[in-house]
Amino acid sequence: MRREIHESFVRRNGHDVHGEELTPFSQRPAAHRPEKEFPLERVLADDGSADLARSHLPQERLLPLYRLMVLNRALDERMIQLQRQGRIGFYIGSIGEEATVLGAAEGMAPQDWIFPCYREHGAAILRGLPLAKFLCDLLGNAGDLMEGHQMPCHEAFRPGRFASISSPIATQIPQAVGAGWAARIKKDDMVPLVYFGEGATSANDFHTGLNFAGVRKVPVVFVCRNNGWAISVPRERQTAAVTFAEKALAYGMKGERVDGNDLLAVYEATRLARARAAAGEGPTLIECVTYRMEGHSTSDDPRVYRPAELVDPWRKKDPILRLKGHLVWRGLLSESEDAAIRDAVAAEIQAALREAEALPSKPPLESLFDGVYAQPLWQQREQLEELRSAVAADPRVARLRGEG
Amino acid sequence: MRREIHESFVRRNGHDVHGEELTPFSQRPAAHRPEKEFPLERVLADDGSADLARSHLPQERLLPLYRLMVLNRALDERMIQLQRQGRIGFYIGSIGEEATVLGAAEGMAPQDWIFPCYREHGAAILRGLPLAKFLCDLLGNAGDLMEGHQMPCHEAFRPGRFASISSPIATQIPQAVGAGWAARIKKDDMVPLVYFGEGATSANDFHTGLNFAGVRKVPVVFVCRNNGWAISVPRERQTAAVTFAEKALAYGMKGERVDGNDLLAVYEATRLARARAAAGEGPTLIECVTYRMEGHSTSDDPRVYRPAELVDPWRKKDPILRLKGHLVWRGLLSESEDAAIRDAVAAEIQAALREAEALPSKPPLESLFDGVYAQPLWQQREQLEELRSAVAADPRVARLRGEG
Amino acid sequence: MPVLNVIQAVNDALRTEMRRDPSVVVMGEDVGRFGGVFRATQGLHDEFGADRVIDTPLAEGGIVGTAVGMALYGLRPVPEIQFADFIFPAMDQIVNEVAKYRYRSGGQYACPMVIRSPYGGGIRGGHYHSQSPEAHFVHTPGLKVVVPSNPYDAKGLLISAIRDPDPVLFFEPKRVYRAAKGEVPEGEYEIPLGQAKVTREGGQVTVLAWGAMWHEADQAVREAAEAGVDCELLDLRSLQPLDVEAIERSVKKTGRAVIVHEAPRTCGFGAELSALIQERCFLSLEAPITRVTGFDTPFPYTLEAEYLPRAPRILRAIREVAAF
Amino acid sequence: MPVLNVIQAVNDALRTEMRRDPSVVVMGEDVGRFGGVFRATQGLHDEFGADRVIDTPLAEGGIVGTAVGMALYGLRPVPEIQFADFIFPAMDQIVNEVAKYRYRSGGQYACPMVIRSPYGGGIRGGHYHSQSPEAHFVHTPGLKVVVPSNPYDAKGLLISAIRDPDPVLFFEPKRVYRAAKGEVPEGEYEIPLGQAKVTREGGQVTVLAWGAMWHEADQAVREAAEAGVDCELLDLRSLQPLDVEAIERSVKKTGRAVIVHEAPRTCGFGAELSALIQERCFLSLEAPITRVTGFDTPFPYTLEAEYLPRAPRILRAIREVAAF
Ligand SMILES: Cc1ncc(C[n+]2csc(CCOP(=O)(O)OP(=O)(O)O)c2C)c(N)n1
Ligand SMILES: Cc1ncc(C[n+]2csc(CCOP(=O)(O)OP(=O)(O)O)c2C)c(N)n1
Ligand SMILES: [Mg+2]
Ligand SMILES: [Mg+2]
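Protein chains in written order, with the numbering used here: chain A, 1 to 404; chain B, 405 to 808; chain C, 809 to 1132; chain D, 1133 to 1456.
The set of hints was computed from the structure by calculation and includes no laboratory data.
Quantities reported herein were computed from a predicted structural model and do not represent experimental measurements.
All residues carry an ideal CB built from backbone N, CA and C; glycine is no exception.
Heads up, a few of these hints could be off.
Pairs of lysine to aspartate or glutamate, EDC-like flavour, derived with a Cα cap of 20 Å [unchecked claim]:
| id | chain 1 | residue 1 | chain 2 | residue 2 |
| --- | --- | --- | --- | --- |
| 1 | B | 621 | D | 1183 |
| 2 | C | 1005 | C | 1053 |
| 3 | D | 1384 | C | 1087 |
| 4 | A | 186 | C | 855 |
| 5 | A | 324 | A | 106 |
| 6 | A | 316 | A | 338 |
| 7 | D | 1384 | C | 829 |
| 8 | A | 317 | A | 338 |
| 9 | B | 728 | B | 739 |
| 10 | A | 187 | C | 829 |
| 11 | B | 440 | A | 35 |
| 12 | A | 186 | C | 829 |
| 13 | A | 133 | A | 77 |
| 14 | B | 721 | B | 450 |
| 15 | C | 989 | C | 1026 |
| 16 | B | 591 | D | 1418 |
| 17 | B | 590 | D | 1183 |
| 18 | C | 1060 | D | 1418 |
| 19 | B | 591 | D | 1183 |
| 20 | B | 621 | A | 236 |
| 21 | B | 537 | B | 481 |
| 22 | A | 324 | A | 309 |
| 23 | A | 324 | A | 301 |
| 24 | A | 317 | A | 77 |
| 25 | A | 217 | C | 859 |
| 26 | A | 186 | C | 859 |
| 27 | B | 766 | B | 798 |
| 28 | B | 590 | D | 1418 |
| 29 | A | 187 | C | 1026 |
| 30 | A | 362 | A | 394 |
| 31 | A | 36 | B | 439 |
| 32 | A | 217 | A | 189 |
| 33 | B | 590 | D | 1153 |
| 34 | A | 217 | B | 640 |
| 35 | C | 1060 | D | 1153 |
Derived contacts from chain A toward chain D, CB cut-off under 7 Å, selection only [said to hold, decoys possible]:
| id | residue |
| --- | --- |
| 36 | 231 |
| 37 | 233 |
| 38 | 372 |
| 39 | 394 |
Throw the hints in and build the complete structure from the sequences for me.
Structure, rendered in structure tokens:
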């Protein structure tokens, strides 16, 4: 009798409620196929052509953005030079990643806040940060908006709604979520954009940030600059996920994967993500697949850990060349116009540098204590006096070894 | 001419390399369907029958495990009573979750380490923790293995390879990964099992733990006890993911979702996950869907935030009833045998309690300073002297207000 | 005037500020519908809705991280950390972000918020429900740290903290959440941060305490008085800003100081107080400044009575210092 | 004897211990093939393989958390935190897990490990590449904290730390990683944790320093000698265990003490030293114990020369203390 029940059960139970066949625990295939669910979206073809039905970047924005990309590149190159000459202490740029940086920023509305990682100087400039001010930051001099408090390349620019850069990886992610949440509470049409590298996806704050945003459908756009490397650690040592976009699934949000060297694709994905967020449809994680063409920063020499063969294939995918090809294809740019842009950009950088370097190299002594609190406490006041009298008594206090 | 190129491109580009039609960015459907990819696996049917082809739990283990589940339940109930009577300070148990706790522990090999959350006392007992010792822990008395250092229900039991419980949520997750990694480095056949609640999936350490394990295919089995609640927070306020199992995807590992009230299903999933891990196929995240039938702990009153209607449907899914039904179906248990088990279990608890309560209620004074370091530093030595002389001078030092 | 306990006073302060200022939001684990595991936010969800009384996922780093963004955007978040012991997953956001945001942006941005958390022992919570981590935050420039000991101060200080332009860690003495009762005015009032309260005047020994330990110190100074030692007791209330003048004034008068805190002795806030007193009152000191503190161990479970620096140990120190 | 710098000495110590003990593993961000951003682990990946020299994902909490499990299971992990400023995401694992594991399990388990991290300023790193967080860990019972100042000590102390049964935070003075050179014996040798080194004997003022600041203090005491003030300089080397006897002995002799550290003054380790000296040497003190420290601000970028307590400021304090 038992056996009959059992056999009948096996038959019955051999199919689940929907009539599909049950497989033993161990044999169920993995149904998830990230390459299909998260295809690498492109708008720009290799030959510069594009399916314009898929692109909504207004034509009149193409040349300004191209100019910005060229400026961004020239700036990075010049600053790396300056660092080698010892004129600035440190630099970290975005060579090869300009389309991701600028395409995403362009895809947002002007009132949207930007929470940068540390390679998005292009976005700050797009938002109006004067070049000379940026250079003052690199010099940490008397004109520095950050009063010399931060390392170079850690700019903040409030008028452009460009938040403050910090070094600790991924901390800006939940912060952006908080800003988006606050905007919704205040009923403002404001969707923050937050940038981070693929390395940051391993950090605590990536997880909490995306989870908080997912569970409450907070309006925010997450842009992961997957440039392949976190200093010396390649992306496949960062995660076993096939793509970074699929990490969105864990948070119940939409994931996108786009060619990060294709300005139009990055723009498009960001624009749509922004629209969805603003419509209450929740956040999006956009993985922009790009490449870090240089060292991590001026402190890094990638030759120690990265063979040149890995980098070479990316040279012909250069985002500036890609956009240039498109502009040429659309008849918007000639070689001579391009050369003129490059000259103008170089001159602009040179002029800004002259302006910045003309300022005193140090902010005043009291700036050391400014802004720890809204008003200094007695400790800061006493310590400022202590420092003043120490400097007065022995000027060596204000000089580093080797200096003066 | 441009226009022709453009049109030809639109046609060409309208299909991707695989010939599939490109959809505009915004219209791509979500391909991911967690309910299909992560079906709720069961072995035990509601009527107690089972597809025995899907179950590999040796028949001779059924009754012992049933007995343990009954013991676990009786223990929890008795301890909650004791707490109300003021005989112990705090209790946190697993009423309703016994199949998850015991099925997972049973699915592992004896040499495997267990990294508990704080509801897995059943697993400790399965691993040989004497009941009286557990009760000493609850009392924090002179017989307590933890020397009265920890709150009740934070037991550690080295002979059973049962790691130390701590309150901070999720910290045990990367620790389990480390142990599994260490075992692989040492070439030991050891796969850790780590338990945590669904609330823990929001924490930092869930993310880093699973990511580290995924990227290096560390042998470890992650068991998420999804009991629906994190104190007052329901699972849908914890994540927007449809299931917890699908969070495995973000880490490139296998996810399973099983009926957590079905001992055989939990066992089966764990056993297979263990086998895969040991075979170098990497970790598995197993979501066990169960329910927290009582308050979070004796400090909690769930009526404030949880309507009884939510709990009621789970009463008939009671994991002990489910297993009992199965034992009856297999002819392994009669009502009178069941009653005998229950009596024996009650007597066992009573005897252990008597044994534990007979010991001095406090460990010795010096135990306060034991084990901060392998050997006390001068601070601990001096402070012990300070305390000794303070107690000698005024015995109130050793009494809480209201005591003695 | 209504008589409230500390938890009711905290609740009252939150309600008062939320009514006054729509930018104040409360967030944390279990703070919403449930009203918090200690009931500090009880009723707020009903009155102010789910947008302003937010149940978050279980992630302290996420709570503080999102609070930073909210504060930057102009809300005034009051995140709750369920127990001070669980503040460490948020440590990076607090130390590297909250504390430095104004400074690092050259004053362009700020993220004022009040991180509330029940702290301290005496509730049989073992080492994960009893810690007193205030020293970590006092050691972090950019943060303020407030610890009330009673309902009146709890309300007035919390209101001031919420209105303060700087981020404040607000540690609530959970041991006296219900035990400490007192009259609390209805409506708004502020107690400025950085003012210690002399709760007993005396000439022989200065005793410094805060939070739950003020009650032990209070009992000790009473017993000391009976034993003929006349103490001056200061409830510091705010550790940063610190009312160093009040301390200096008192110790210059008495020449003797006893410092009481629950946290482990080594590198606790008592060390800073001792250093400051010694720097500022060197010539007035007539006995070593003495610390009566938790021991250098994790907070124990069974022997918590022994661990806590309660009145008998404080009294002993007072006597030794007085007799030096 | 070979002449090494600090980074080479650290590398030598790691290699020595890894050769001796197969359970020693090194892990962290960029420590593997790359050999670490400061090259501390250079060559180890080649010699010991990817199983023992582990490149981890970017998550300090994960690094320390997995190290706990490794240590429990019998490995001796030596996790690297790339900069001490980035230790805060691991704070919960360090404070609540590493520090308490032995205690909370009643001695059934322990998780000895050495968390290495470059700390301190003077490399133009701004406030995220310059912090000195030692006080947080000294305030956490269960942890040891070691800070070498030179190559010889770095090697001997690191070897001792790796062999120690307790978890050790090992902070390396990156400012002198390459600048401080000295003879370092080949092969194994241990410098016991908890022994300060008197690097200059003197009778008038005791100066206490550690790590990079020892070099500034050394310069200051030399200049002081020229100016006629005879200082005794102690390199503490280990803050926990602390060689309180050496400190007591010295201050009882000199009656005066100057403490130097980079971290912000308030609640820095200098506060603890000041409190201890005052408690133990009260009757010998002839001048206020004086702290020369980083200021109570985040570590600045441009004005870091001004921020760091370098020789001229230390000298000033020595003179004031001597003249008191
Ligand atoms: C919490 C923390 N840990 C470590 C570092 C050191 N660090 C700086 S950048 C970096 C790699 C970041 O990689 P990724 O997120 O991919 O960004 P990318 O530099 O490639 O843009 C690391 C490890 C840091 N800044 N913060
Ligand atoms: C880091 C941390 N934050 C907060 C708490 C307080 N707390 C204790 S248990 C708990 C809920 C845990 O829920 P879940 O992970 O689902 O486990 P369950 O209790 O349901 O088994 C919370 C918030 C804690 N212990 N640790
Ligand atoms: Mg990267
Ligand atoms: Mg739960």
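Here's how the hints hold up against the structure:
1. B:621 x D:1183: Within the cut-off at roughly 13 Å; holds.
2. C:1005 x C:1053: At roughly 12 Å apart (the allowed maximum being 20 Å), residue 1053 of chain C and residue 1005 of chain C satisfy the hint.
3. D:1384 x C:1087: Given pair residue 1384 of chain D, residue 1087 of chain C holds - Cα atoms ~18 Å apart, limit 20 Å.
4. A:186 x C:855: holds, 17 Å
5. A:324 x A:106: Roughly 17 Å between the alpha carbons, so the hint for residue 324 of chain A and residue 106 of chain A holds.
6. A:316 x A:338: holds, 18 Å
7. D:1384 x C:829: violated, 58 Å
8. A:317 x A:338: Judged against 20 Å, a Cα distance of about 18 Å means the pair holds.
9. B:728 x B:739: holds, 9 Å
10. A:187 x C:829: With Cα atoms ~16 Å apart, residue 187 of chain A and residue 829 of chain C stay inside 20 Å; holds.
11. B:440 x A:35: holds, 18 Å
12. A:186 x C:829: holds, 13 Å
13. A:133 x A:77: Holds - the C-alpha atoms of residue 77 of chain A and residue 133 of chain A are around 18 Å apart, at most 20 Å.
14. B:721 x B:450: Given that 20 Å is the threshold and the Cα spacing comes to 8 Å, the pair holds.
15. C:989 x C:1026: Holds, at roughly 15 Å.
16. B:591 x D:1418: violated, 62 Å
17. B:590 x D:1183: holds, 10 Å
18. C:1060 x D:1418: holds, 18 Å
19. B:591 x D:1183: holds, 11 Å
20. B:621 x A:236: holds, 12 Å
21. B:537 x B:481: holds, 18 Å
22. A:324 x A:309: violated, 25 Å
23. A:324 x A:301: violated, 30 Å
24. A:317 x A:77: holds, 18 Å
25. A:217 x C:859: holds, 13 Å
26. A:186 x C:859: holds, 10 Å
27. B:766 x B:798: Distance of about 18 Å is within 20 Å: holds.
28. B:590 x D:1418: violated, 59 Å
29. A:187 x C:1026: Status violated; Cα separation ~50 Å.
30. A:362 x A:394: holds, 18 Å
31. A:36 x B:439: holds, 18 Å
32. A:217 x A:189: holds, 15 Å
33. B:590 x D:1153: holds, 13 Å
34. A:217 x B:640: Holds: residue 217 of chain A and residue 640 of chain B sit about 12 Å apart, inside 20 Å.
35. C:1060 x D:1153: Since the Cα atoms of residue 1060 of chain C and residue 1153 of chain D sit roughly 58 Å apart, the hinted pair is violated (cutoff 20 Å).
36. 231: Holds, about 5 Å.
37. 233: holds, 6 Å
38. 372: holds, 5 Å
39. 394: Nearest chain D Cβ about 4 Å off; hint holds.
Consistency note: the structure conflicts with the earlier hints numbered 7, 16, 22, 23, 28, 29, 35.
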